[in-house]
Amino acid sequence: MRYIKNKKGSSSILVVVTFTMLVIFSLLVMISSYSDYKLAQKNSENTEAYYKLSGQANEFWYDIESIISNNSSKNPEEIIKELYKYDSSVFVEINDNSLVISRTFFNNKNKELYIELLYNKNNKEIQLLALKEIPKEFEYEDIDFEDVEVINQ
Amino acid sequence: MNLPIKKTKNVLNTKGFTIAELIISVGTLAILGVLILLFFMSSKDVGLRTKDLDNSVYHINNIVESIKSNSWSQEPLNNFELLSTSSEAASLTSVYDENWSYADEKEALFRTNITFKKRNEYKNKALYDVSIEVIRLENYFRSDEAYPVIHTIETILYIPNIDEELIL
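Residue numbers (the numbering used here), protein chains in the order written: chain A, 1 to 153; chain B, 1001 to 1168.
Source of the hints: derived by calculation from the structure; they are not laboratory data.
Any given hint could turn out to be false.
[Claimed, not checked] Heads up, simulated DSSO-like pairs for lysine-lysine below, C-alpha to C-alpha not over 27 Å straight-line:
| no. | chain 1 | residue 1 | chain 2 | residue 2 |
| --- | --- | --- | --- | --- |
| 1 | A | 52 | B | 1044 |
| 2 | B | 1118 | A | 124 |
| 3 | B | 1044 | A | 111 |
| 4 | B | 1106 | B | 1044 |
| 5 | B | 1106 | A | 52 |
| 6 | B | 1068 | A | 124 |
Extracted from the complex, chain A is given alone in its bound form (with noise of 0.2 Å):
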């Protein structure tokens, strides 16, 4: 009980908490802020990834376009002969006055830019049906899902 009234030392105490409680604060806002940051050097390569990938989309669209006007004349399947020359990855669909030019161009960052052209046969101009990225699948990893129990009613 002696020590406990004695008053000494409070003063010491008050200090030493005061500064790791602000030690700790103050960390707590540096990882927080560094987590935000991460996040948006994410985002940003993101955005540069896609407009690369979309970059080599408008170069294979312009590379389509030449293609088909510089064959223009020939028929269908002689065109489809020249694109797979040009590019082994494309996809041709034929149907009845048009062809459907598709192709996926992939990036190392596991991302997927898929592109149509559709070339109308009838007036020879090339219209640009979907620029898109494709949505991957993924999965988190080590979080557990506890299964809801759901209640008919």
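With chain A held as given, fit chain B onto it using these hints.
Structure of chain B alone, referenced to chain A:
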């Protein structure tokens, strides 16, 4: 025998702190204080970088999509100034204040540069190498790097010819 000498009690006062104790405690508190200040300053700096990066990404996306949709008379493209131009290339620039509103050179905090390089032409369309970058005109307080580049995007656009818009 009582001598006329006054006896003093507690000549050596043991209460209080020694000089060594004071130096150690003040030193420890100073080091901790500096650490705490450093942590808070770093957090503020990183927070500022995060805000700038997020805004720059949004701003550059907006510019690219506006170029694609040929919206040269609307924001954000209408406020760009032509820096240099030739038959094959053009560069444009625009400055913004801290709230990302258009600003004078004096009040500016961010600069956006766009560079177009024409690769090929087909009918009324052309293939351009486009590079867009956002630069901060003041350095961050925890860095000595002058004019840090916040974000850059390089892409290729197949768009209607922009010769008329830029008077190439």
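Verification of the supplied hints:
| no. | hint | in the structure |
| --- | --- | --- |
| 1 | 52/A with 1044/B | violated (32 Å) |
| 2 | 1118/B with 124/A | holds (25 Å) |
| 3 | 1044/B with 111/A | violated (33 Å) |
| 4 | 1106/B with 1044/B | holds (25 Å) |
| 5 | 1106/B with 52/A | violated (34 Å) |
| 6 | 1068/B with 124/A | holds (23 Å) |
Taken one by one, the earlier hints fail for this structure at numbers 1, 3 and 5, listed in ascending order.
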